[in-house]
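> Sequence:
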Amino acid sequence: MQTLFITGGNRGIGLELVKQSLKNKDAILATYRGDTPPELPLTQDEKNRLTWLRLDVTNATDLARLPDVLANQHIDILINNAGVIGPDRQSYNDMDTQGWLHTFEVNTIAPLMVTNALLKNLSLSSSPRVVTVSSQMGALHRESTGMIAYRSSKAAIQGGSKL
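Sequential numbering from 1 applies to the sequence shown in this note's numbering.
Since the hints were derived computationally from the structure, they do not count as laboratory data.
Please note: incorrect hints may appear among the correct ones.
Computed beta-carbon distance windows for the label pairs [what the hints assert, rightly or not]:
hint : residue 1 : residue 2 : range
1    : Thr36     : Leu124    : 37 to 43 Å
2    : Pro38     : Met95     : 30 to 36 Å
3    : Leu42     : Pro67     : 34 to 40 Å
4    : Ala60     : Asp94     : 27 to 33 Å
5    : Thr115    : Asn72     : 16 to 22 Å
Subject to a maximum C-alpha distance of 25 Å in a straight line, what follows is the list of computed SDA-like cross-link-like pairs (lysine to any residue) [said to hold, decoys possible]:
hint : residue 1 : residue 2
6    : Lys19     : Asn48
7    : Lys19     : Glu46
8    : Lys25     : Ile13
9    : Lys120    : Glu39
10   : Lys47     : Gln73
11   : Lys23     : Ser125
12   : Lys25     : Thr61
For every residue, glycine included, the Cβ atom is placed at its ideal position computed from N, Cα and C.
With these hints in hand, go ahead and build the complete structure from the sequences.
Structural data, given as structure tokens:
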């Protein structure tokens, strides 16, 4: 059994990762932003392997408390999944620049900050891995238009480095 930490586990791809990981008998630490995590029809065993944590990946206070909340908890796989599509206006001639900055903060900077906050937990694993979810929309080899804030934030997160 592995222990996974999944950001943005309350909806979309993140929620599906939570469900599939539970089927694989993994232990899951899943984050959600907002007031309450989703209610899932789970067996008692699944309930015992799933822990919901409230976390806004752009909130320095939330990130600073993670090492204390997860003291001595090993994490085998960190999945940086939390993300935003960006502002409604994101074209060359009509850009919400504050929305673009927020998109970069969530999609590009936050994965680094979450990873840094969990380095001690990852070091407790015999085989730690960090996965950051990107998108084909961020692929530089694809011709595309529009959605500049989202595309650029996903292009910026592609690539990798070793911890």
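> A separate judgement is required for each hint: does it hold in the structure or not?
Results for each hint:
1. Take Thr36 and Leu124: their Cβ atoms lie about 29 Å apart, and the range 37 to 43 Å is violated.
2. Checked against the hint of 30 to 36 Å, the C-beta distance between Pro38 and Met95 comes to roughly 33 Å, which is consistent with it.
3. A C-beta distance of roughly 28 Å is found between Leu42 and Pro67, which places it outside the suggested range of 34 to 40 Å.
4. Checked against the given bound of 27 to 33 Å, the beta carbons of Ala60 and Asp94, roughly 31 Å apart, stay inside it.
5. Range check, Thr115 to Asn72: about 19 Å between beta-carbon atoms, so the 16 to 22 Å window is met.
6. Distance restraint check for Lys19 and Asn48: the Cα-Cα separation of roughly 14 Å lies within the 25 Å cut-off, and the hinted pair is therefore satisfied.
7. Restraint check for Lys19 and Glu46: satisfied, since their Cα atoms lie roughly 9 Å apart, inside the 25 Å limit.
8. A hinted pair counts as satisfied when its Cα atoms are at most 25 Å apart, and Lys25 with Ile13 qualifies at roughly 18 Å.
9. With a CA separation close to 30 Å, the supplied pair Lys120 and Glu39 exceeds the 25 Å bound.
10. Proposed proximity of Lys47 and Gln73 is supported: the alpha carbons are some 18 Å apart, at most 25 Å.
11. Under the criterion of a C-alpha separation no larger than 25 Å, the hint pairing Lys23 with Ser125 is consistent with the structure, at around 21 Å.
12. Restraint check: the Cα-Cα separation between Lys25 and Thr61 comes to about 31 Å, which exceeds 25 Å; the hinted pair is violated.
Hint check: violations occur at hints 1, 3, 9, 12; the rest are consistent with the structure.
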